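Asker: Chains as they are written, first to last, in this note's numbering: chain G, 1 to 482; chain E, 1001 to 1195.
Treat the hints loosely; a few may be bogus.
[Stated by the list, open to error] Here's a subset of chain G near chain E, in silico, CB distances under 7 Å, partners left out:
#1 166
#2 205
#3 208
#4 215
#5 221
#6 225
#7 396
#8 427
[What the hints assert, rightly or not] Pairs of lysine-lysine, BS3-like flavour, derived with a Cα cap of 30 Å:
#9 1189(E) - 190(G)
#10 1140(E) - 388(G)
#11 17(G) - 1161(E)
#12 1164(E) - 388(G)
#13 27(G) - 1087(E)
#14 1168(E) - 388(G)
#15 27(G) - 1189(E)
#16 190(G) - 1148(E)
#17 1161(E) - 9(G)
#18 1060(E) - 1087(E)
#19 190(G) - 1167(E)
#20 467(G) - 1189(E)
#21 1161(E) - 388(G)
#22 1140(E) - 462(G)
Because the hints were derived from the structure by calculation, they are not lab data.
Every value quoted in this text rests on a predicted model; they were computed, and no experiment measured them.
By construction, the Cβ of each residue, glycine as well, lies at the ideal position given by its N, Cα and C atoms.
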Amino acid sequence: MDALSQQEKNEFETELKNNRELSEEVKFEKEMQMAISEKEVLNLREKLETVAKQSRNGKTPFDLLEGFENIKQLTETLPPEELLKFYDSLPKAHVYQHELVSNENIHEFYREQEKSSHENNAFFDEWDDDEIEFEGLDEALLEKDILNLRDTLNKVSASVREQYSVEEIDRYLNGELTGQEFERFEHELKVNSILQREVALHREMENALQEVDVVSLRGQLSHLMETETSWNVSEQQIEDYIEGTLEGTGLESFLSEWNENAGLRAEVNLRRNIDEAVGEKDIFTLRDKLAGVKKELENKEVKSLIPETKMHQMHWWRAGVAVAVILFALAGVFRNEFGNINHTYNQYYQPPEWAPQRSVTADLNILQEANGYFTIGEYQKALLLYEKAIGENDEKFVFQFYKAATLQNLEQYEDAIPGYSQVITHGDNMFVDEAEWYRALCYLKLGKKDVAREQLVAIMDKNGFYKNDAKAIIRKMKYSLR
Amino acid sequence: MKNYSDEQILKGILRHDNLILQYIYKQFYYQVNLFIKKNSGNEDDANDIFQEAIIVIYRKLKENDLVFEASSFQGYLFSVCRFLWLKQLEKRRIEQEKINDSLPFQEDVYDDSLVELVEKNEKYGLYQKHFKTLSTDCQKLLQLFFEKVPLSEIARIMGYKGEKYAKKRKFKCKELLISRIKQDTEFKKILEDDT
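Pulled out of the complex, with its shape left as it was, chain G reads as follows (with noise of 0.2 Å):
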């Protein structure tokens, strides 16, 4: 093996796989060297047929018919209760039964077969299988070198690597190969079990990535198991439970549940608190009628703004003022409204502070200078020199990041908003949380209700540390006029 230099060693697994002839003499060479390296079998071979040999000869199998003395003699069988009390033996008495029967015919007739190929066999039994001589053999066996290197190279071929690339698979599968390297490469595949299997990984893979579907059923399902719990009782048996009507082994088995699970028992609890409260009929009578005599104290502030007159004549006054005072109201509600959002931007945006060094490998050194200008607010400085790290840099979130905030503390919300984006749809940085957060401030301040809600809410949801200012929002923009 060390003889081979690497291509000779390449040159002959090649060859050692288009020729069959060689690959068949390994093979052999192979199974003869673990044939000959099994001695333990060669030793029990051999004790086998001396065994065989002694009962050619009529030796008896371990001296079993001892104290028998002349076995031809007994002329009568014995009933098996006697040999053995004479014997105490079984395999003894076994023995000695079969030497009985040995004297019929159907014995007798085997004893002559038996002697005939006995006979057929005696010249070949003058052979000693010892003596036996393979021309050569002795020198195939003494030839360790060759043996070794056989083994060696049997070993090198089952570790060889697969000799092409993901690269050169992908791009097989692609059709990028072209003329040699095309042809190169299906004849190694028709030839070559790992390259096949390879192949068939990637084609596979690739239509397992491809099943958007599925992945997101998987996740949807995974979610609902954390986040649902398991009880291992049914809800009809919680039902029974409740209703005290559950009993026997059912009853039993709830019981044992109960007292492992805390989430039964919670819920349990929650159905008993919400029967008790759909059974509160004398609040919600209550509550029916603390809304009716709302909705009439409401009926008399409306009627009390327009002053008592004569009704044939005031009729058209007073649906003059009512519909004035109503335009007014709403007026009010949208000047309110707006000034709301902007008294709510305002009390919610606070510039996001310095802090680069998250997700960050690259040089500092243009962030730094450009956040000197952030801080100091020339942010059409900051704005090119982000621009320019934009442009030369792998990692460009961070700079998109902070080029986002520079156009929001500039007003220009519109542009800011894509910055922000291409941060969360990076996804694998430190300032997805807080680019999600003052988007949802620009769709705010812009207006746009809906989106920023959107946004809100998805923050909320994800309970992280914008989690309550989202809340606060929203609920602000619930009371504001839609």
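Start from chain G and add chain E according to the hints.
Answerer: Relative to chain G, chain E alone:
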């Protein structure tokens, strides 16, 4: 709780309807859980098996290969869960001396097409699991390539210098994915089953 018919359940699975999925979970999971725990499994095993059974049913629905002749959704679901768990036990070399068959099942559900689908789901599930462990950058990049988005567009979306760089990143991501798959002991077991 509202009861849904088998037809509604199947349509709900196809639509990934959260209400239906919750209903399935609340109605049927506990029995599957009990069965698995009685047969050398634990809660995590029950979660996995239940989830994969629904995915297998979803795949069958997509192939228009799901017909309840003499059974119900419950029966089919339980049969698939049982099959998946027994397969798992076989893989773990756990002796199936005597299965505690507390879960009612239908033998006629176990045909070649189900076996094939389960094996495909197993493989694909493994590839998808490792895909999710890649960085979001890699995931997005590979998705764009699989969607046959033009290279120049991919480079623009990802913010890369050029097409060559995008391709280089793709090969790196794919290499990483393949090496992770191959290192997974489950993958080795799948290969053994195939051979």
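Asker: It remains to establish, for every hint, whether it holds in the given structure.
Answerer: Here is how each hint holds up against the structure:
Given hint, residue 166(G) at the interface with chain E, holds; its Cβ is 4 Å from that chain's nearest Cβ, closer than 7 Å. With 7 Å as the threshold, the beta carbon of residue 205(G) comes within range of chain E, its nearest partner Cβ sitting at about 5 Å, so the hint holds. Look at residue 208(G): its Cβ gets to within about 4 Å of chain E, closer than 7 Å, so that hint holds up. Evaluation of the residue 215(G) hint against chain E yields a held restraint, the C-beta minimum of about 5 Å falling below 7 Å.
Below 7 Å, beta-carbon pairs count as interface contacts, and residue 221(G) has one with chain E at about 5 Å; its hint therefore holds. A least Cβ separation of about 5 Å between residue 225(G) and chain E falls short of the 7 Å threshold, and the interface hint therefore holds. At its closest, the beta carbon of residue 396(G) sits 5 Å from a beta carbon of chain E; the interface hint therefore holds under the 7 Å criterion. With a least beta-carbon distance of about 4 Å to chain E, the hint placing residue 427(G) at the interface is held under the 7 Å criterion.
This hinted pair checks out: residue 1189(E) and residue 190(G) have alpha carbons roughly 25 Å apart, not beyond 30 Å. Between residue 1140(E) and residue 388(G), the direct Cα distance comes to roughly 25 Å. Compliance with the 30 Å bound is thereby established for this hinted pair. The suggested pairing of residue 17(G) with residue 1161(E) is violated, with an alpha-carbon distance near 44 Å, which exceeds 30 Å. As the CA atoms of residue 1164(E) and residue 388(G) are separated by approximately 21 Å, the hinted pair is consistent with the 30 Å bound.
Restraint check: the Cα-Cα separation between residue 27(G) and residue 1087(E) comes to about 36 Å, which exceeds 30 Å; the hinted pair is violated. Proximity of residue 1168(E) to residue 388(G) is assessed by CA-CA distance (about 24 Å); at most 30 Å being required, the pair is judged to hold. The straight-line distance between the Cα atoms of residue 27(G) and residue 1189(E) is roughly 27 Å, inside the 30 Å bound, and the hint therefore holds. A distance of roughly 28 Å separates the Cα atoms of residue 190(G) and residue 1148(E); the hinted pair therefore holds under the 30 Å criterion.
For the hint pairing residue 1161(E) with residue 9(G), the CA-to-CA distance comes to about 42 Å; that exceeds 30 Å, so the pair is violated. Between residue 1060(E) and residue 1087(E) the CA atoms are separated by roughly 19 Å; this keeps the pair inside 30 Å, and the hint holds. For the hint linking residue 190(G) to residue 1167(E), the alpha-carbon distance of about 28 Å falls within 30 Å, and the restraint holds. Distance check on the hinted pair: residue 467(G) and residue 1189(E) sit about 45 Å apart at the alpha-carbon level, beyond 30 Å; violated.
For the proposed pair residue 1161(E) and residue 388(G), the alpha carbon gap of about 13 Å is at most 30 Å, so the pair holds. Our distance criterion of 30 Å between C-alpha atoms is met by residue 1140(E) and residue 462(G), whose separation comes to about 21 Å.
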